[in-house]
Amino acid sequence: MFGTNEEESRRRFLQQVGVGVLGGWSLDSWAGLAPPEAVPLPLPLPQATCALPAHGAATAFRRDCRPIRPRQVANRLTSAEVDQLKAAYQAMRALDTSDPSDPRGFMQQANVHCVFCATDPALQVHGSWRFFAWHRAYLYFHERILGKLINNENFRLPFWGWDSGFPTLPQPYVTPNNTTNPLFNPTRVLAPGTALDPADIGPTVINDVLTLGSFDDFGGTATGSGTPENSPHGTVHVRVGGNMGFFSTAARDPVFYQHHATVDKLWSDWNKASTSHTNPTDPAFTGLVFNFFDENKVWRSITAAQVLDHENSLRYVYEPYRFWDRFLCLIWRLFPIDWRVTGRIVIPRTNPRLLEALKGETPIRLNVRGLELPRDRSAIYRIYASEAEAKADAGDRSPGFLGTVSVVLNDPDNRHPSRGTLNVVLSVRQGVRATLARGEAIQPWVVGGGDQKTPKRAFQLRAADVLVSVGTPEREQ
Amino acid sequence: MSDTTRHFRIAVPELSGSGTALLVLREVKLPNNRPVTLRAYAVAPDSSRILLGSSGLPALAPEAKGSTTHPTLRITVTSGLQRWLEVARGATQVEIEVKAEVLPDTSGPIAWSVSGAELVPAR
Chain A
1404 MFGTNEEESR
1414 RRFLQQVGVG
1424 VLGGWSLDSW
1434 AGLAPPEAVP
1444 LPLPLPQATC
1454 ALPAHGAATA
1464 FRRDCRPIRP
1474 RQVANRLTSA
1484 EVDQLKAAYQ
1494 AMRALDTSDP
1504 SDPRGFMQQA
1514 NVHCVFCATD
1524 PALQVHGSWR
1534 FFAWHRAYLY
1544 FHERILGKLI
1554 NNENFRLPFW
1564 GWDSGFPTLP
1574 QPYVTPNNTT
1584 NPLFNPTRVL
1594 APGTALDPAD
1604 IGPTVINDVL
1614 TLGSFDDFGG
1624 TATGSGTPEN
1634 SPHGTVHVRV
1644 GGNMGFFSTA
1654 ARDPVFYQHH
1664 ATVDKLWSDW
1674 NKASTSHTNP
1684 TDPAFTGLVF
1694 NFFDENKVWR
1704 SITAAQVLDH
1714 ENSLRYVYEP
1724 YRFWDRFLCL
1734 IWRLFPIDWR
1744 VTGRIVIPRT
1754 NPRLLEALKG
1764 ETPIRLNVRG
1774 LELPRDRSAI
1784 YRIYASEAEA
1794 KADAGDRSPG
1804 FLGTVSVVLN
1814 DPDNRHPSRG
1824 TLNVVLSVRQ
1834 GVRATLARGE
1844 AIQPWVVGGG
1854 DQKTPKRAFQ
1864 LRAADVLVSV
1874 GTPEREQ
Chain B
145 MSDTTRHFRI
155 AVPELSGSGT
165 ALLVLREVKL
175 PNNRPVTLRA
185 YAVAPDSSRI
195 LLGSSGLPAL
205 APEAKGSTTH
215 PTLRITVTSG
225 LQRWLEVARG
235 ATQVEIEVKA
245 EVLPDTSGPI
255 AWSVSGAELV
265 PAR
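Same order as they appear, the protein sequences are chains A and B.
Numbered by my numbering, the letters in the first sequence go through residues 1404 to 1880 in order.
Numbered by my numbering, the letters in the second sequence go through residues 145 to 267 in order.
To be clear, the hints were calculated from the coordinates, so they are not data collected in a lab.
Any given hint might turn out to be false.
[What the hints assert, rightly or not] Below are the SDA-like pairs computed for lysine to any residue, each with C-alpha atoms no more than 25 Å apart in a straight line:
#, chain 1, residue 1, chain 2, residue 2
1, B, 243, A, 1594
2, B, 209, A, 1620
3, B, 173, A, 1594
4, B, 209, A, 1645
5, B, 243, A, 1593
6, B, 243, A, 1645
7, B, 209, B, 267
8, B, 209, B, 227
9, B, 243, A, 1609
10, A, 1675, A, 1470
11, B, 209, A, 1590
[As the list claims (entries may be wrong)] A partial selection of chain A residues facing chain B, derived with a Cβ cut-off under 10 Å:
#, residue
12, 1553
13, 1608
14, 1610
15, 1614
16, 1795
Predicted model only: the values in this text are computed from it and were never measured.
Glycine is no exception: its CB is placed at the ideal position from the N, C-alpha and C atoms.
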C-alpha cells in the first residue's frame, strides 16, 4: 500500500502514537477494511491535523481510588450540574487557544478518535472486539481530564440516554443552540427537539441487543464487529450527522461523548442482563493495550482487562445505582488486642495509634478468626457489642450492631459438613468506636439460629482470635 | 433521504429457543466519504415491508477517497424476523430488501454494493 518513503513515514507515525503491541494489531485484524484498491489511497487527513502530541514511554495505569459516582442521564442533571459540565468543556476548549499542544485540549481530545479510527488501518479500533473496550478507556481519561480542569474529582460524564427514553439531543447540548454554549456544534443535522428514529434506538432495538447471547455477537471478535457497533451506535452517528457522521471528526461534537457513554452503558447493561453474558477471557483480548494522555498530561497505558469492571476499576456506575462506595482505596493494617487472654475487645493503652484512629473517621474493623457457631443447620446470626443489645435484637438500628453471619449447609441433610474455619470481618460503627476510644471493653454477643420449631438464642461470642484493623487511604497509582 | 435498494431471497433458518437471529451481509462496499445507514426489510405476503434491522456506518472522512469493502456486516433481526414469521407461517424463504440511506446532500444517490445475504441464528 505504501511506497518506500511512505513506509518510513508510516513507521514514524506508528511510533509516535504508541501502537499497543500486546494487541497484535495488523492490517488483517480490521475486518472493516479490505485490501486497498489499485490506486494508492492517501491518508484521509494530513498527519499535522490528526496526530497526537509527542510523548515518552507510557506509564501503566494501576488504580483509581476516587469514590464511585454515577454517570447520570444528561436531561436529568440539575442546573448546577449543567453549569459544571459546561464549565468543564469551556475550560477544555480554552486550551485550544491558550496551548494547542496540550493533550487535554478539546481538539486534541477529538484528534484521539481521528488517529485511532481514521488514519492507519493498523490502529483502527472499530470493527472488532476493541470497539467497546477502547471507547470505555477513551471516555474514562476524557472524563478525568474534565474533572481536573474544574478541580472536581467527583465529576462524571452524563450519558445521552437514547436507550432509556431520551430520543432527542440532550437539553444542555442545545440550550442555547449557538456558539456561546461550549456543548454546541454547528454541523449537526439532527435538529433540537427532533427524535431519533425508533428504528434506530427504540425498545425493540435495545431489547434485541441486550438479549444477544454471546460476546461474539454483542462485542465482536478479533476480526469482526458485534452488531450493536452498527446499530444503535452507528445509526445514531449517521443520524446526528455533520461531524458525528465521520470517524475523523466525530469527537469534535461534544455530544459524541454522551453518545458513547450511552453505548458504554449498553455494554454494562448487557453484562448485567444475564450471568451468561460474560466478557472474553482470551488473553488476546484482555491483554489489548490502549494509550491515552491522562489529566496530568502523563502518557498512560491501560489494558482491556483493566476496564472490564467499570464500577470498581474506573469508579463510575450508571444510574439507577444501588449504592455508593464512599470509601477510597484502603490499606488495612491489623493490630492484636489480647483477645486470647481477656476474651474481650479492648484497645490497649500501649497502642496510641489505634486509639487515635478510633477518635477520628478512619475506617475500623474487627477481624474475627475461628468464630464458633453451630454448623448443623443453616441459619443467620447477628452480632452485637453487648448482651443487652443481642437480646433486644434490634438489628442495624442498634448502636452496638456489628454485623451478620450466615451459616449455610452444603446439603439439606448435612452429610458433607463444612470443616473450614469461620472467619468474619465486622465494621465498627460510631457507638462502638466511642466505647473503645474511652478504653472500655466490649463483650460481643451473638443471637440467631431460630426457625419455625426452635426459638433463636443469644450467647457470648467465642472465637480463636479477634484483631482490629485500621484502614489507611491508599495513594492512587 | 435518498436511497438505493438491493433484493435477496434467502432461506429462513432454524432458530434456537431464544429465537435470536442475525442477518449477515457479505462484501458490502461503501464510499469512504459518506455516512450510510443500511435498513433491511422482510417483504410480507401482502407486500408490506417489515423492518428487520439497521446498520449505521460512519464514513472515514468527508474528503476521503475511494471505498471500503466490509467482508461481513451483521444486523440483529430477532424481533423483526419474529413479526414476519407470524404473518408468513410455514414459509421457508423470505424476500429481503436492503436499502442504503444517506442524509440529503449535494452528492446524489450513493453508489454501493453487496454480494450476498443470509439469515443465521445468533451464537
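Verification of the hints:
The hinted pair formed by residue 243 of chain B and residue 1594 of chain A meets the criterion: a straight-line CA distance of about 24 Å does not exceed 25 Å. Only pairs whose Cα atoms come within 25 Å are accepted, and residue 209 of chain B paired with residue 1620 of chain A is rejected, the gap being roughly 31 Å. Restraint check for residue 173 of chain B and residue 1594 of chain A: the C-alpha separation of about 29 Å exceeds 25 Å, so the hint is violated. This hinted pair checks out: residue 209 of chain B and residue 1645 of chain A have alpha carbons roughly 18 Å apart, not beyond 25 Å.
The suggested pairing of residue 243 of chain B with residue 1593 of chain A holds, with an alpha-carbon distance near 20 Å, which does not exceed 25 Å. Between residue 243 of chain B and residue 1645 of chain A the alpha-carbon distance is near 21 Å, which keeps this suggested pair within the 25 Å criterion. Distance restraint check for residue 209 of chain B and residue 267 of chain B: the Cα-Cα separation of roughly 36 Å exceeds the 25 Å cut-off, and the hinted pair is therefore not satisfied. For a cut-off of 25 Å, the pair hint linking residue 209 of chain B to residue 227 of chain B is broken: about 40 Å separates their Cα positions.
With a CA separation close to 21 Å, the supplied pair residue 243 of chain B and residue 1609 of chain A stays within the 25 Å bound. This hinted pair checks out: residue 1675 of chain A and residue 1470 of chain A have alpha carbons roughly 22 Å apart, not beyond 25 Å. For the hint linking residue 209 of chain B to residue 1590 of chain A, the alpha-carbon distance of about 21 Å falls within 25 Å, and the restraint holds. The criterion of a C-beta within 10 Å of any C-beta in chain B is not met by residue 1553 of chain A, whose closest approach is roughly 30 Å, and the hint is violated.
With a least beta-carbon distance of about 8 Å to chain B, the hint placing residue 1608 of chain A at the interface is held under the 10 Å criterion. With a least beta-carbon distance of about 7 Å to chain B, the hint placing residue 1610 of chain A at the interface is held under the 10 Å criterion. Annotation: residue 1614 of chain A was flagged as interfacial toward chain B, and the flag holds, the nearest CB pair being 6 Å apart, inside 10 Å. The criterion of a C-beta within 10 Å of any C-beta in chain B is not met by residue 1795 of chain A, whose closest approach is roughly 51 Å, and the hint is violated.
Checked against the numbered hints given earlier, this structure breaks hints 2, 3, 7, 8, 12, 16; the rest are met.
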